[in-house]
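Visitor: Each chain is listed here by its residues.
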Amino acid sequence: MKPAPFRYADPSTLGEALAVLSDEGAKVLAGGQSLLPLLSMRLAAPATLVDINRIPDLDAVEVTDDAVTVGALVRHDALLRHGGAAAVQPLLGRATANVAHPAIRNRGTTVGSIAHADPSGEMTSVLALTDGSVTVATTAGSEVVGWRDFFVGPLETSIPAGAVVTAATFPALPPRSGTAFAEVARRKGDYAVCGAGVVVTLSEDRRVERVLASYVSVGLTPEVHDLTEAVAGSPAEKADWAAAGALARTLVDPDTDIHASADYRRLLVGVLTERTLADAAAEAGARAARE
Amino acid sequence: MTSIDSERTITVTVNGVPREATVPVRRLLSDALRHDLGLTGTHVGCEHGVCGACTVVVDGAAVRSCLMLAVQVDGAEVRTVEGLAREDHQGGQVLHPVQEAFRECHALQCGFCTPGFLMTIAAGLEGRDNSAELTEEEVDDMVGGNLCRCTGYANIKKAVHHAAAAMKDGA
Ligand SMILES: Cc1cc2nc3c(=O)[nH]c(=O)nc-3n(C[C@H](O)[C@H](O)[C@H](O)COP(=O)(O)OP(=O)(O)OC[C@H]3O[C@@H](n4cnc5c(N)ncnc54)[C@H](O)[C@@H]3O)c2cc1C
Ligand code: FES
Ligand code: FES
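Read top to bottom, the protein sequences are chains H and L. Here the numbering used here is used: the first residue of the first sequence is 1, the next is one more, and so on. Here the numbering used here is used: the first residue of the second sequence is 292, the next is one more, and so on.
These are calculated hints, taken from the structure and not from any lab test. One should not assume that every hint holds.
[As the list claims (entries may be wrong)] For lysine to aspartate or glutamate, the following EDC-like pairs were computed, each having C-alpha atoms within a straight-line distance of at most 20 Å: (1) H:K2 with L:D327; (2) L:K449 with L:D420; (3) H:K188 with H:D118; (4) H:K2 with L:D296; (5) L:K459 with L:D420; (6) H:K27 with H:D118; (7) L:K459 with L:E428; (8) H:K27 with L:D350; (9) H:K188 with L:D432; (10) L:K449 with L:E417; (11) L:K448 with L:E417; (12) L:K459 with L:E429; (13) H:K238 with H:D263; (14) L:K448 with L:E378; (15) H:K27 with L:E417; (16) L:K459 with L:E395; (17) H:K188 with L:E427; (18) H:K238 with H:D190; (19) H:K188 with L:D431; (20) L:K449 with L:D379; (21) L:K449 with L:E429; (22) L:K448 with H:D190; (23) L:K448 with L:E428; (24) H:K188 with L:D327; (25) H:K188 with H:D226; (26) L:K459 with L:E391; (27) H:K2 with L:E298; (28) H:K238 with H:D279; (29) H:K238 with H:D205; (30) L:K449 with L:D432; (31) H:K188 with L:E428; (32) L:K459 with L:E427.
Pulled out of the complex, with its shape left as it was, chain L reads as follows (with noise of 0.2 Å):
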């Protein structure tokens, strides 16, 4: 039989480590990760997929957590910005090579829209074969669907050139 719920536990995957909440079951994946797991580097603009600021990665692709039920992560993979960089095992961290990019390319001001971009373009950019040149289209389409108030897009774009360029140098 079919188990219709107001609430549910699930159980995630968030940036390797096991995970387990009891939510209400219209909980968006936005409010989980942020209100339920304490993960707060994921930012809510719209909330209703238009702003791109919620992107987290879910089972390999991109989506937009205000646009998912937590619900509906049960037993899946979900990569978010706290992700991104990697233990360097020294006490430290690495950062991922679109996280650099957006350093070394000045990419962000407030930073309220970075976590949404920098999920969309690794995932983007992980999801492509980097060997391939990057095209401009491509580049406008990766990151169309972000807004940014502040930073009028050329330094953003600048930056997802200079990651491919480094990702494709196996960075």
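Looking at chain H on its own, in the form it has when it is part of the complex (with noise of 0.2 Å):
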């Protein structure tokens, strides 16, 4: 189907787009990937569309040391080519991988996915398991806003009518850390059935400090799941990560859809929990070694 009759700007500075957007209750177009499926599909139907696309400084890739700063326009496929984002904070390129195809990728905005807060998508997960956050900008002013206080439900956010996300934030890895992404789709780039995205901590001894993970297509918004009382001080390489697993199993409420029952996608987390946490730790003895 075609989208229904909509009218539409593309101002060149964010002043302008955020004066349109509150004048007219209009809807931000970013990549599109997600939004002309759903106006095509008329699951939307806005009155106007403000297109971001010729705003400039938006596309920028920040990297500090202590964090990753992702400007509004950068598409999928630039955060998975840039190295310097992924030195800091490597579950940026290993879940960006995991993205669509690679036509979407360079279309694809990474803070439009967070902003379409869709539980299946990668990075709002990512945004999650790293503590991330937001800056949202309105006539009002610019905020940032924590992940916890940013997804409120499916497809559903915070933030006002009108805002637009300048940019997401990812802090760095910290040390003595590695992690791992992984998950299961029917065909590759297609959404997850089920994904993991995982952070594992140790202590100076090598032994087993935290254990955090981060699941996709799993509930309703991305939360993050503190699995370490699982394997808390056993030394990494002899760590029992089925027992990791076995816990996460018990704390996600996955729900079914046609895609796959909540009992297989139980079962995923187990197994993909179990699989990213021995590849997440010997990162981190390796990543411990050299720091």
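Once you've looked at the hints, go ahead and assemble the two chains, each given alone in its own frame, into the complex.
Guide: Dropping the structure here:
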């Protein structure tokens, strides 16, 4: 089908975009890789679209020792190829590699997928797992909102109508830590049936100190689960990751849909947790040795 | 002041030729190419980004033309399947290495998906350093977003390797 008629503006400054958004009750168009399907299927029919693609300076990836800040017009593909970003927070490259297909990664934006708040998107989970935040601009000014206050429900965030998310900030991987990301999808690049991102942090004497996990396509909003108690104090190379996987299965609350049953998703949570934790712990060990 | 429009006149370079069209702002790029510009080589399957049949190249990057508005390519360069072959300056055309490889490897049957595959693969191969060996994983990532209901993919993947080899040799 075709989109219902709407009016269109493509302002060249953020200020003008915010003005039109607040006057018109309009919707932001970023990469369009989620919004245009919704328009064509007539699941959404906004009266006005404000295309932010012609606003300069929103396409920067800023990397410091503490965090990676991704501007609203950074495409998935640009983040995927950004070596500096991956060095500070390796989950960014690892998760983005699982987002859609090349032609969609060329247009779709990382910030757009967070603003879209789809619980089957990879980057919403990564924002949560890294304890990240977004910067939200309105005509009243700009503020930083932590992920817990941002995600409200599936496809629903706390930002007011007429706001533009100008950036997402992902804090750096802590010292003596490693990450891994894996998912099961029907085809490479499809939305995950279930995905898992994990961070393992070791103590000075290379024992497991902290284990965090976040899942994709499991639950209504991204969540972070602390799995430390299952393996706390174990030497990194001998930890019982299956026990952490078993704990994860008891913590999640997946849904049944046409792609998979809740039980199958719960099973995948266990399997993916066990696999990713072993990889993340190995990486944490290697990083600790270098640090 | 920002103009808020229901219709716009756009100028876009398609396959090297500047073109102008007046379109409703809701016109999808895929429809603008086919209906307003008469370039029906770009095929339309699902119209929601899943099948890849409509893939074209905008400013060097492969994109789904059903997931862009025509007004968004104002001022851009678009390449469609009609622009892959080169003039041979004797009144004929020389196929692009990817097209040649598809013919050679029998990588199409009904041909509905073919323009999308050709554009995706051409952009993918032109965007990489072809002196580096092409891995199976790269090929899967490249063609995995395009649906083909006929061939079963084996010959398409063979064609990608074939084309990469030809492009490495500077064909
Ligand atoms: C076939 C297909 C497969 C896909 N597979 C995956 C996948 O595996 N994983 C995945 O994560 N995604 C997938 N996607 C979606 C893709 O990642 C989108 O790019 C992403 O979800 C949305 O980003 P966008 O920039 O395209 O946003 P748009 O489509 O432009 O916008 C989406 C929504 O967010 C709002 N929005 C966007 N940016 C902002 C902003 N800066 N400020 C305020 N609001 C904003 C819009 O108003 C709209 O409501 C897939 C898409 C397709 C078509
Ligand atoms: S028609 Fe565009 S992806 Fe199917
Ligand atoms: S050749 Fe028929 S769909 Fe691919």
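Visitor: For every hint, state whether the structure bears it out.
Guide: The hints, checked one at a time:
1. A distance of roughly 15 Å separates the Cα atoms of H:K2 and L:D327; the hinted pair therefore holds under the 20 Å criterion.
2. As the CA atoms of L:K449 and L:D420 are separated by approximately 19 Å, the hinted pair is consistent with the 20 Å bound.
3. For the hint linking H:K188 to H:D118, the alpha-carbon distance of about 19 Å falls within 20 Å, and the restraint holds.
4. Pair hint H:K2 plus L:D296 holds up; C-alpha atoms about 18 Å apart against a cutoff of 20 Å.
5. Only pairs whose Cα atoms come within 20 Å are accepted, and L:K459 paired with L:D420 is accepted, the gap being roughly 9 Å.
6. Distance restraint check for H:K27 and H:D118: the Cα-Cα separation of roughly 17 Å lies within the 20 Å cut-off, and the hinted pair is therefore satisfied.
7. Distance restraint check for L:K459 and L:E428: the Cα-Cα separation of roughly 19 Å lies within the 20 Å cut-off, and the hinted pair is therefore satisfied.
8. Of the supplied pair hints, the one linking H:K27 and L:D350 is violated, its CA atoms being roughly 25 Å apart against a limit of 20 Å.
9. Under the criterion of a C-alpha separation no larger than 20 Å, the hint pairing H:K188 with L:D432 is consistent with the structure, at around 7 Å.
10. Taking the CA atoms of L:K449 and L:E417, the gap is near 17 Å; set against the 20 Å cutoff, the hint holds.
11. For the hint linking L:K448 to L:E417, the alpha-carbon distance of about 16 Å falls within 20 Å, and the restraint holds.
12. With a C-alpha separation of about 16 Å, the suggested pair L:K459 and L:E429 falls inside the 20 Å cut-off, and the hint holds.
13. Taking the CA atoms of H:K238 and H:D263, the gap is about 29 Å. The hint is violated against a cut of 20 Å.
14. Between L:K448 and L:E378, the direct Cα distance comes to roughly 27 Å. Violation of the 20 Å bound is thereby established for this hinted pair.
15. A C-alpha spacing of about 35 Å is found between H:K27 and L:E417, which places the hinted pair above 20 Å, so the restraint is violated.
16. Using a Cα cut-off of 20 Å, the hinted pair L:K459 and L:E395 holds, with the two alpha carbons roughly 17 Å apart.
17. The straight-line distance between the Cα atoms of H:K188 and L:E427 is roughly 13 Å, inside the 20 Å bound, and the hint therefore holds.
18. This hinted pair does not check out: H:K238 and H:D190 have alpha carbons roughly 34 Å apart, beyond 20 Å.
19. A threshold of 20 Å between alpha carbons decides the hint, and for H:K188 with L:D431 the separation of about 8 Å falls inside it, so the pair holds.
20. At most 20 Å may separate the alpha-carbon atoms for a hinted pair to count; L:K449 and L:D379 exceed this at roughly 26 Å.
21. This hinted pair checks out: L:K449 and L:E429 have alpha carbons roughly 13 Å apart, not beyond 20 Å.
22. For the suggested pair L:K448 and H:D190, the alpha carbons sit about 19 Å apart, so the restraint of at most 20 Å is met.
23. Annotation: proposed proximity of L:K448 to L:E428 holds, straight-line Cα distance about 11 Å (limit 20 Å).
24. For the proposed pair H:K188 and L:D327, the alpha carbon gap of about 35 Å is over 20 Å, so the pair is violated.
25. A hinted pair counts as satisfied when its Cα atoms are at most 20 Å apart, and H:K188 with H:D226 does not qualify at roughly 28 Å.
26. Simply put, L:K459 and L:E391 have alpha-carbon atoms about 14 Å apart, close enough for the 20 Å limit, and the pair holds.
27. At most 20 Å may separate the alpha-carbon atoms for a hinted pair to count; H:K2 and L:E298 meet this at roughly 16 Å.
28. For the given pair, H:K238 sits about 12 Å from H:D279 by alpha-carbon distance, which is consistent with the 20 Å threshold.
29. Restraint check for H:K238 and H:D205: the C-alpha separation of about 14 Å stays at or below 20 Å, so the hint holds.
30. Distance restraint check for L:K449 and L:D432: the Cα-Cα separation of roughly 14 Å lies within the 20 Å cut-off, and the hinted pair is therefore satisfied.
31. Straight-line distance between C-alpha atoms of H:K188 and L:E428 comes to about 10 Å, which keeps the hinted pair within the 20 Å bound.
32. A hinted pair counts as satisfied when its Cα atoms are at most 20 Å apart, and L:K459 with L:E427 qualifies at roughly 17 Å.
Of the numbered hints stated above, those contradicted by the structure are hints 8, 13, 14, 15, 18, 20, 24, 25, listed in ascending order.
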